[in-house]
Each structure stands twice: as C-alpha cells, then as structure tokens.
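> Listed below are the residues making up each chain.
2 protein chains.
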Amino acid sequence: MFKINQNYQKLPGSYLFSTIAQKVSAFTASHPDKEIIRLGIGDVTQPLAPAVIAAMHQAVDEMGNAATFHGYAPDLGYGFLRDAIAEHDYKSRGCAVSPDEIFVSDGAKSDSANIQEIFGQENRIAVCDPVYPVYVDSNVMAGRTGDYDSKAETWSNVIYMPCTMENGFVPEFPKETPDMVYLCLPNNPTGTTIPKAKLQEWVDYANKVGAVIIYDAAYEAYISEPDVAHSIYECEGAKTCAIELKSFSKNAGFTGVRLGYTVVPKELKCGEVSLHQMWARRHGTKFNGAPYIVQRAGEATYSPEGKAQLREQVAYYMKNAAAIKNGLKDAGYTVFGGVNAPYIWLKTPGNMTSWEFFDYLLEQANVVGTPGSGFGPSGEGYFRLTAFGTYENTLAALKRIQEL
Amino acid sequence: MFKINQNYQKLPGSYLFSTIAQKVSAFTASHPDKEIIRLGIGDVTQPLAPAVIAAMHQAVDEMGNAATFHGYAPDLGYGFLRDAIAEHDYKSRGCAVSPDEIFVSDGAKSDSANIQEIFGQENRIAVCDPVYPVYVDSNVMAGRTGDYDSKAETWSNVIYMPCTMENGFVPEFPKETPDMVYLCLPNNPTGTTIPKAKLQEWVDYANKVGAVIIYDAAYEAYISEPDVAHSIYECEGAKTCAIELKSFSKNAGFTGVRLGYTVVPKELKCGEVSLHQMWARRHGTKFNGAPYIVQRAGEATYSPEGKAQLREQVAYYMKNAAAIKNGLKDAGYTVFGGVNAPYIWLKTPGNMTSWEFFDYLLEQANVVGTPGSGFGPSGEGYFRLTAFGTYENTLAALKRIQEL
Numbered sequence: 000m001f002k003i004n005q006n007y008q009k010l011p012g013s014y015l016f017s018t019i020a021q022k023v024s025a026f027t028a029s030h031p032d033k034e035i036i037r038l039g040i041g042d043v044t045q046p047l048a049p050a051v052i053a054a055m056h057q058a059v060d061e062m063g064n065a066a067t068f069h070g071y072a073p074d075l076g077y078g079f080l081r082d083a084i085a086e087h088d089y090k091s092r093g094c095a096v097s098p099d100e101i102f103v104s105d106g107a108k109s110d111s112a113n114i115q116e117i118f119g120q121e122n123r124i125a126v127c128d129p130v131y132p133v134y135v136d137s138n139v140m141a142g143r144t145g146d147y148d149s150k151a152e153t154w155s156n157v158i159y160m161p162c163t164m165e166n167g168f169v170p171e172f173p174k175e176t177p178d179m180v181y182l183c184l185p186n187n188p189t190g191t192t193i194p195k196a197k198l199q200e201w202v203d204y205a206n207k208v209g210a211v212i213i214y215d216a217a218y219e220a221y222i223s224e225p226d227v228a229h230s231i232y233e234c235e236g237a238k239t240c241a242i243e244l245k246s247f248s249k250n251a252g253f254t255g256v257r258l259g260y261t262v263v264p265k266e267l268k269c270g271e272v273s274l275h276q277m278w279a280r281r282h283g284t285k286f287n288g289a290p291y292i293v294q295r296a297g298e299a300t301y302s303p304e305g306k307a308q309l310r311e312q313v314a315y316y317m318k319n320a321a322a323i324k325n326g327l328k329d330a331g332y333t334v335f336g337g338v339n340a341p342y343i344w345l346k347t348p349g350n351m352t353s354w355e356f357f358d359y360l361l362e363q364a365n366v367v368g369t370p371g372s373g374f375g376p377s378g379e380g381y382f383r384l385t386a387f388g389t390y391e392n393t394l395a396a397l398k399r400i401q402e403l
Numbered sequence: 000m001f002k003i004n005q006n007y008q009k010l011p012g013s014y015l016f017s018t019i020a021q022k023v024s025a026f027t028a029s030h031p032d033k034e035i036i037r038l039g040i041g042d043v044t045q046p047l048a049p050a051v052i053a054a055m056h057q058a059v060d061e062m063g064n065a066a067t068f069h070g071y072a073p074d075l076g077y078g079f080l081r082d083a084i085a086e087h088d089y090k091s092r093g094c095a096v097s098p099d100e101i102f103v104s105d106g107a108k109s110d111s112a113n114i115q116e117i118f119g120q121e122n123r124i125a126v127c128d129p130v131y132p133v134y135v136d137s138n139v140m141a142g143r144t145g146d147y148d149s150k151a152e153t154w155s156n157v158i159y160m161p162c163t164m165e166n167g168f169v170p171e172f173p174k175e176t177p178d179m180v181y182l183c184l185p186n187n188p189t190g191t192t193i194p195k196a197k198l199q200e201w202v203d204y205a206n207k208v209g210a211v212i213i214y215d216a217a218y219e220a221y222i223s224e225p226d227v228a229h230s231i232y233e234c235e236g237a238k239t240c241a242i243e244l245k246s247f248s249k250n251a252g253f254t255g256v257r258l259g260y261t262v263v264p265k266e267l268k269c270g271e272v273s274l275h276q277m278w279a280r281r282h283g284t285k286f287n288g289a290p291y292i293v294q295r296a297g298e299a300t301y302s303p304e305g306k307a308q309l310r311e312q313v314a315y316y317m318k319n320a321a322a323i324k325n326g327l328k329d330a331g332y333t334v335f336g337g338v339n340a341p342y343i344w345l346k347t348p349g350n351m352t353s354w355e356f357f358d359y360l361l362e363q364a365n366v367v368g369t370p371g372s373g374f375g376p377s378g379e380g381y382f383r384l385t386a387f388g389t390y391e392n393t394l395a396a397l398k399r400i401q402e403l
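The listed protein sequences derive, respectively, from chains S and U.
Oh and the first sequence: position 45 is 44 in numbering that gives the first Met the number 0, straight run, nothing missing.
Oh and the second sequence: position 400 is 399 in numbering that gives the first Met the number 0, straight run, nothing missing.
Just chain S, with the same shape it has in the complex:
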C-alpha cells in the first residue's frame, strides 16, 4: 500500500493567504451590501505598462506564425532576457553576475519554495520571525524542520531570528549556527531594510560559518534610500555564499503574468560540488521554462520606455505607502515600513491580537489586511497593510480606519 509524505500532516492549518481568502468570502457572503477594500495579500492593482503590453502582443503574433513560432524555451531562460537581467540588474550596479548564472523561472514563490530541494535533509534553516510563510512551509514539507510546538507556534529544528520593535525589526546573528539563512530585504512583512554595511556583515558571517544565504530581493524596486543594497552581490564575497531570488511581480505588476529569476553563482560550492550545476539539473528535470510571451514581457521591462513606465508604477504605490503611513500615524497608530518597501507594518491598538485586529478591521471598516501572527510568533500584535491598492481605495480604507 502506498504511503504519503507524513511531513505534510505536520503543517498546521492552511496557507495563510488561503485562510484570509476564506474569512473574507464568509464575511462577504453574510454581508453582501458591504464594499470590501483589500489591502491584505500583496497583489498589485495597476495594469501592465504599455511597453509590456506591446511586447506581449508582438510575441503573441510571433506564436501565430510558423516562421516565428517558439516551442520549448531553453531550459534556463532565453538569452535575450538573461542578458537584459545581467546588464540592468547587475552590471549597472557593479555586480559581476553573468547571464549564465541567471535562471529564469515562473516566479519567486516557486523558486523560494523549490530552492531547498538541492540542500541536504540535515541542514538547519534560520528565518526571520515574522517571515514569508513559504520559506518555512517548504522546509516542513521536506522534513527539515523537526516537530511543531502548537503553543509556541515554532518548529523544533528551525532557528528563529525575532524581528520586533525592540531591535528595529533587524535580525541578529543567531546563537546557534545555521546552515541556510533566509533573508528577505526589503522585508516582507515588516517593510524593513538594513544598510549595505550591515548586509556585508551577514555575508561575512555566512562565509565564516559556512552557511548559504537565500536572499529574497523581490521588493528591491521599492528601495528609496541610497545606502541600501539592491542586490546582495553588491557585497564582497557574496558569490561564495548567497543565492538571490528576484520577482517581476512587484516592480512590474507581473503577479498574474508569472516571471522571476534566481541567481546561483558559479563560485557557490559545497566542497567540489557546484550548486549552480545542481540547480541547472533541477531546472532541466522538473521545469520546462517560462512562456516565450512572458519572457518577452520581462525583456520589455528593461527597455527605456518600460523602465520609465515602471518607475511611475512604483512611485504610484509608494504614494499609497506614504499616505497610509502618515494617515495612520495621525490617527495615533505606531507604524513602520513604507519607506523602502510597499508594506506598512503597524502595532495593533489596545493590545488586540493580530487576528482580533483582522476581524475588527474586516467587520467594522470592511478593510482586509494581514495578521502579523500569520508570519510567525513574533508577528503577534502586529498587522500588515499593503500599498498595492488603487490610490482611491487606499484613501478610502484609511478614512474608514481613522473613523473607527
């Protein structure tokens, strides 16, 4: 008789955003007259940029013509896209990342969940707390996290790096030595960044203890301050210790288009074994390339028009971020993030738990946010709002919260 992967049984509850979706559905069903404003899941609302739309139409036409039709994409991505990424995301910032170190994928969520596969079962992971749930859940499924303590809401074999108001939401080097460290900067959910000098300390630490850093730079486009690194490869020595994940979802609104990439440097090795080769093998065996049309859309984000249009889109969302942050401050809330990230991280008022505040906001203001505790135990008492709504909805939601 076949057996299941028992690790799945250890997972408590459902994926955070599925739970939220169910709660919202239930509320909508019982209050059909209420107009909900969603500032929960980090989904964009602005349409794709004209340069991207034009590139996609052209690519669709190519696919309809025998002479320009494209079948299977190269396993690791089209050269035109890998070249554009290497040029604009790395070379222009002084990072020596070559096109063949870039693996194009269907998005950073898949990559961030799949990357653990090339590591041994016995590795210990370290994560910020609070944290994007996929890092931990994918390791639970792989059996790397030990047992779940439902009271503490922690895993016995995971090293947690609490990020709270007390330490400015910046992770400290853990007491126990990790093998893999997940860092997301600018941070989801807290919106925090660290100066480049501080990131360099993490790179030095990883090289010293022999840990690999899984660096999630999905929100890089929202960095507005000059001393914050856009890529971990701006730090010296990062190519021997860091894998970088990038998304087109937030800088270009590709949440429904699906495109991302992962950099695995050739220098990154475990003994003689190249992680670059392992990831190439994984990609070649378990993935079949991002759609041609989507890769052309990605290329268009690097054209002069594309870049200008995306800068405007990011500015639009950052105007929302500033409005939420300032508006909530004026209403007496304690608020973080929103400067180098599209997320506002707030302290729940009156000692409410995160889920109590979620229900309160949903029921009283018909606004959906994300409970901080859904990202980990140290997120308890916090709450995340995103800047990805429309400006009108953002102001409307803010007004409703201010009037509570």
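Hint data in this document are derived by calculation from the structure and do not stem from the laboratory.
It is possible that part of the hints are untrue.
[As the list claims (entries may be wrong)] Computed, partial: chain S to chain U, Cβ under 7 Å:
#	residue
1	Pro-46
2	Ala-65
3	Gly-70
4	Gly-119
5	Asp-148
6	Thr-284
7	Pro-290
[Said to hold, decoys possible] Result set (EDC-like, lysine to aspartate or glutamate): computed pairs, CA atoms no more than 20 Å apart in a straight line:
#	chain 1	residue 1	chain 2	residue 2
8	S	Lys-398	S	Asp-32
9	S	Lys-9	U	Glu-175
10	U	Lys-285	S	Asp-42
11	S	Lys-2	U	Asp-178
12	S	Lys-90	U	Glu-200
13	S	Lys-285	U	Glu-116
14	S	Lys-328	U	Asp-178
15	U	Lys-2	S	Glu-271
16	U	Lys-9	S	Glu-271
17	S	Lys-2	U	Asp-42
18	U	Lys-9	S	Glu-116
19	S	Lys-2	U	Glu-175
20	U	Lys-285	S	Glu-175
21	S	Lys-285	U	Asp-42
22	U	Lys-2	S	Glu-304
23	U	Lys-2	S	Glu-175
The structure displayed is predicted, hence computed values, not measured ones.
All residues carry an ideal CB built from backbone N, CA and C; glycine is no exception.
Once you have looked at the hints, place chain U on chain S.
Frame of chain S, contents of chain U only:
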C-alpha cells in the same frame, strides 16, 4: 557548513535531451554547412491556432486595462478553465471528474516531476522500461530509488517493467508489488497504446494491491482507434487509485506556452488522508498559478473553432507519422507506434546501439532523433523519431534516411 542533497550526485550524466542538444551543437559547430532536421525532442512546429491567438490578444488587452487587469490567479486555476476541462475532457466521455478535482499548472513536465513529493520516501515506484526520464529522475532526486548500477543502468529500488518487441511494448504486472506505478499511454517513447479492457486490469490491480497509478495522458489527442481510453477515469474504480496528468503541449502546440493540469480525485485516499488536499496544499505553497493569458489560451482550445483547428493540427502531425512509418517500412526498417501517438519507435538496423545509430543518423543524414537507450536499458537497440516536424522536413528527413 551547509550540505547538499546527495541524491543529486547519484544521477548519471545529464538530462537526456540536454545531452542531445550538446551533441547537435557540437556537430553544427564543426559542420556549419549541413542543414540539420530535428526529429528528436518532441517539440511541435506548427504555429498556435487562430482561436488561441485571438484569445491571447484579448487577454493581453485585459491586462493593460485597470478595469480588467488580473493579478494573482486562484491557486488551483481559473474557474473558466477548470469548468471547460471538466466538461470537454471528462463529462463528454462519461467520466465523473468535477472542476475542483482539476489542478491547473504550468505543464505536465512540472507536475510529473512534482507529484512524487506528496508520497512517502519509502514507496517503491514501478516504471515502464523504456520510460520518460523525468519520472525516474525526480524520484532519484527525492532519494526513493536506491543505488545506481551503472553497468545495468538500473536503480536498485525501482521496479522495471520491460516493454520490448517481445511483449508488444505493453507492460506486464510486476513480480514485486509497487506502491506507485507510472503509466504513460499513448506511450512516450514507444507510441504504444493498450485497449481499454487492459487498462481496466491495471486499475483493478492497483486497487487490489493498494498502489497509486500516475497516469500520464499527454498524448491522448493522438488516439485514433476506438477501443483505447482517452482518460483512465473511463475505467471503473480509477478514482480510488489514479492521478491523471494532462498537457496542452502536444494537442495544442503549447510547448512554449506552458499549460497543463493534474486530476487528483477526492476519493483517492491513504487511510483518512486525502491526496487531493495534499496536492492543493502543495500547489498553494509552492506554485502561484499559470498566467491569466495562458489560461485564457487554454480555454480557447475548447471553443468550437479551437477544437476544429486543433483537430487539423493533430491530423497534420499524424500525416507525418504515417509518412515516416510507411517510408521506413519500405526502406526495410522494423517500425512501431505512429497510429495512436506522434512517435515512431524503430529497431536500429544492423545491431547498432541506440547511440551508434544516433551518431550515424546525425553524421550521415544530418537527422536528429532520440536514442532509445536514453529512456532506459530496454530501449537499447531502439530509436525514436517524432512526427512533430513540418511535413516538408519530415519528407526530406525520410528521403535522407532511405538513401543511406
């Protein structure tokens, strides 16, 4: 110090089709004047159908307009596509598969590689020999296959079901009891099918011994004979023992578009645990949906125009298949497949090994095929040609082979 997944080190050589691509590149570089005809990798050559192109253009326009923009897709696929699949691929054939048993993905390759994740490490897999390499390689990466015997080219913990000329390329029930059985019908690479009554025997066997069948129906559209099942759910009892994988790559030319789906019936359980819920959890945690534009393209394949256009495309390729099959027979080759499948499986002439014949064809006829031994030890002495070329190229390749 971090450790790697040692199972990757066990994988012999590179992924089959990467090896072929490298050999062809090397030959082209040293013989720039030779015009290569590729009948190796199963990649389509006909452009996307007009109905699909129209749907994609419309979806691109929607993505460029705030009022019709689509962000994150529902985890498991859009309702419009899941409904169309349920109606046209199942209900119309008398199979009771509901839309919420259908999980939309970026293709059957990913699904066929990922599906093993929800099963326990201790399961033993059974595969046909020869077989699509992804089934075995994904289980190697997961550590489920034991040790590799490089002489026999087999894994110690894999149950092989030889499919050779002697048994008509039809797998027999293995002597040892498997937990998971991979069946691909119509078969890649041999082009074989089995009658529905024979498939029913497999379903009865799986239910009796408590095995799960991973049924890869990627080539279903090429079935031309009436007594061959288009879905395993045409067999009684399949919903308690079978997962079905489907692709849009071969019936609709989506190799560069990327769309597939997997059916995990709600009745499929291990004790009290629902595999449907496990796969939903996997999908929700490690995948973020197929692109909206691509799902609209998929929907268009089920419209009356789409269906008619795809029937023509399949007929085009099957005309190639018939031409290759008959042409090779006339030239004295022993040939199989090509009736219910786009693959021609031939016995190599003069006792050549599969790779010897590969080199011979590449060098003497400048035609690329796939060595049978690349699919497993019982494929040695066989060779695969695909019908996915253009008609002109197919005839030209045939002429070159006939003239050898």
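> Hint by hint, say whether it matches the structure.
Hint by hint, here is what the structure shows:
{"no.": "1", "hint": "Pro-46", "result": "holds (4 Å)"}
{"no.": "2", "hint": "Ala-65", "result": "holds (5 Å)"}
{"no.": "3", "hint": "Gly-70", "result": "holds (4 Å)"}
{"no.": "4", "hint": "Gly-119", "result": "holds (3 Å)"}
{"no.": "5", "hint": "Asp-148", "result": "violated (20 Å)"}
{"no.": "6", "hint": "Thr-284", "result": "holds (5 Å)"}
{"no.": "7", "hint": "Pro-290", "result": "holds (5 Å)"}
{"no.": "8", "hint": "S:Lys-398 - S:Asp-32", "result": "holds (19 Å)"}
{"no.": "9", "hint": "S:Lys-9 - U:Glu-175", "result": "violated (31 Å)"}
{"no.": "10", "hint": "U:Lys-285 - S:Asp-42", "result": "holds (17 Å)"}
{"no.": "11", "hint": "S:Lys-2 - U:Asp-178", "result": "holds (8 Å)"}
{"no.": "12", "hint": "S:Lys-90 - U:Glu-200", "result": "violated (60 Å)"}
{"no.": "13", "hint": "S:Lys-285 - U:Glu-116", "result": "holds (12 Å)"}
{"no.": "14", "hint": "S:Lys-328 - U:Asp-178", "result": "violated (59 Å)"}
{"no.": "15", "hint": "U:Lys-2 - S:Glu-271", "result": "holds (12 Å)"}
{"no.": "16", "hint": "U:Lys-9 - S:Glu-271", "result": "holds (15 Å)"}
{"no.": "17", "hint": "S:Lys-2 - U:Asp-42", "result": "violated (35 Å)"}
{"no.": "18", "hint": "U:Lys-9 - S:Glu-116", "result": "holds (15 Å)"}
{"no.": "19", "hint": "S:Lys-2 - U:Glu-175", "result": "holds (17 Å)"}
{"no.": "20", "hint": "U:Lys-285 - S:Glu-175", "result": "violated (28 Å)"}
{"no.": "21", "hint": "S:Lys-285 - U:Asp-42", "result": "holds (17 Å)"}
{"no.": "22", "hint": "U:Lys-2 - S:Glu-304", "result": "violated (44 Å)"}
{"no.": "23", "hint": "U:Lys-2 - S:Glu-175", "result": "holds (17 Å)"}
Violation of the numbered hints given earlier is confined to hints 5, 9, 12, 14, 17, 20, 22; the remaining hints are satisfied by the structure.
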